[in-house]
Amino acid sequence: MTDTAHYEALGVPKDASPDDIKRAYRKMARKYHPDVNPGPEADAKFKAAGAAYDVLSDPEKRAAYDRYGADWDQPRPDPAQDTRWQGGYAFDERDINADMFRDFFGQRFGAGGMRQDQHARLEIALENAIAGARHTLTLQVPQIDAAGRMTLETRNVDLRVPKGILPGQQLRLKGQGSDGGDLFVEIAFKPHPIYRIDGRDLYVNLPVSPWEAALGGKVKMPTPTGPVDLTIPAGAKQGQKLRLRGRGLPTAQKGDLYAELSIVNPSNLSAKARDLYQQLAKEQRFNPRAKLGV
Numbered sequence: 001m002t003d004t005a006h007y008e009a010l011g012v013p014k015d016a017s018p019d020d021i022k023r024a025y026r027k028m029a030r031k032y033h034p035d036v037n038p039g040p041e042a043d044a045k046f047k048a049a050g051a052a053y054d055v056l057s058d059p060e061k062r063a064a065y066d067r068y069g070a071d072w073d074q075p076r077p078d079p080a081q082d083t084r085w086q087g088g089y090a091f092d093e094r095d096i097n098a099d100m101f102r103d104f105f106g107q108r109f110g111a112g113g114m115r116q117d118q119h120a121r122l123e124i125a126l127e128n129a130i131a132g133a134r135h136t137l138t139l140q141v142p143q144i145d146a147a148g149r150m151t152l153e154t155r156n157v158d159l160r161v162p163k164g165i166l167p168g169q170q171l172r173l174k175g176q177g178s179d180g181g182d183l184f185v186e187i188a189f190k191p192h193p194i195y196r197i198d199g200r201d202l203y204v205n206l207p208v209s210p211w212e213a214a215l216g217g218k219v220k221m222p223t224p225t226g227p228v229d230l231t232i233p234a235g236a237k238q239g240q241k242l243r244l245r246g247r248g249l250p251t252a253q254k255g256d257l258y259a260e261l262s263i264v265n266p267s268n269l270s271a272k273a274r275d276l277y278q279q280l281a282k283e284q285r286f287n288p289r290a291k292l293g294v
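Using the numbering used here, read the sequence shown as starting at 1 and increasing by one per residue.
If you are wondering where the hints come from, they were derived from the structure by calculation, not from laboratory data. Hints may be right or wrong, so weigh each one.
Said to hold, decoys possible - The calculated DSS-like cross-link candidates involving lysine-lysine, where the alpha carbons are at most 25 angstroms apart (straight line), are:
#, residue 1, residue 2
1, LYS220, LYS241
2, LYS45, LYS22
3, LYS190, LYS291
4, LYS218, LYS190
5, LYS174, LYS163
6, LYS190, LYS237
7, LYS218, LYS241
8, LYS14, LYS45
9, LYS27, LYS47
10, LYS31, LYS45
11, LYS272, LYS282
12, LYS61, LYS14
13, LYS241, LYS254
14, LYS237, LYS291
Quantities reported herein were computed from a predicted structural model and do not represent experimental measurements.
Model the full structure from these sequences, guided by the hints.
Structure representation (structure tokens):
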């Protein structure tokens, strides 16, 4: 029975062209590489895609696989039918297709041999982007062992995150990739319990009491470098934004910090406070639903 496991691993039909196979492998390798998608299921799919590409990207191996299925690399008893199997053929894992490495890892070839650029992603705290910080990044680097097999070697790389870096920016560490290639580290921000990040600007939800919103005045608000006094205008509204210039991320063009007002009622009213609210309701003729016609 015909074996199609390798075609299924890459998600291509049996009549796929060599370019189709190469594109499918690139897609699978980028999606399931351990540096991008850690976990046993992704690791299994990454290895299956690599094994499939190794066979299907080689015309002779593919022909043998299409003819003999899973046993394509076993010695054939009749050498007259297939000269490839004369004397017995054992698949040698050193026969790794260089295009596979070049397509995925962006390797370059020079006098010293293969150089592989590598990509990684680092999540940092907002405070580290504001003040700058040093980090140690743990990587899994593809290596070829003495037997010619590809393995993943764990190593640590120290790097400095500069002040004012933005999410999505990349740091280039020359010579820190595989075999002398470069390492490109994409920066992402960890979710923050107080601030929301939008480009170089920061947003904070600032709760205010009904009387602070109605009367206005100064209130304390947090900033990444410490609390400051913020002036609330009289008659402030729910969701109103107040801007603090230059209090966002310290990029070349400094970002701003926005306080989004949220009017919060006290959860428990004393008897006196309740009386005051009732007095206010009688004194202040105000219908917030007037525009609704009710």
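Quiz item: Within a Cα-Cα threshold of 25 angstroms, do LYS218 and LYS190 meet the stated pairing?
Solution: violated (31 angstroms)
Quiz prompt | Pair hint outcome, LYS218 versus LYS241 [Cα-Cα no greater than 25 angstroms] | solution = holds (15 angstroms)
Quiz item: Are the Cα positions of LYS61 and LYS14 separated by 25 angstroms at most?
Solution: Given that 25 angstroms is the threshold and the Cα spacing comes to 14 angstroms, the pair holds.
Quiz item: Given the hinted pair LYS272 and LYS282, is their alpha-carbon gap at most 25 angstroms?
Solution: holds (16 angstroms)
Self-check item: Restraint check for LYS174 with LYS163, where alpha carbons must lie at most 25 angstroms apart
Solution: holds (20 angstroms)
Quiz item: Taking only the CA atoms, is the gap from LYS241 to LYS254 under or equal to 25 angstroms?
Solution: Roughly 18 angstroms between the alpha carbons, so the hint for LYS241 and LYS254 holds.
Quiz item: Within a Cα-Cα threshold of 25 angstroms, do LYS14 and LYS45 meet the stated pairing?
Solution: Roughly 19 angstroms between the alpha carbons, so the hint for LYS14 and LYS45 holds.
Quiz item: Taking only the CA atoms, is the gap from LYS31 to LYS45 under or equal to 25 angstroms?
Solution: holds (9 angstroms)
Quiz item: Taken at face value, is the distance from the CA of LYS291 to the CA of LYS190 at most 25 angstroms?
Solution: violated (42 angstroms)
Practice problem: Assess, step by step, whether the Cα of LYS190 is no farther than 25 angstroms from the Cα of LYS237, and give holds or violated. | Solution: violated (31 angstroms)
Exercise. Assess, step by step, whether the Cα of LYS237 is no farther than 25 angstroms from the Cα of LYS291, and give holds or violated.
Key: holds (16 angstroms)
Quiz prompt | Pair hint LYS45 and LYS22, alpha-carbon separation not exceeding 25 angstroms | solution = holds (16 angstroms)
Of the numbered hints given earlier, the model fails hints 3, 4 and 6; all others are met.
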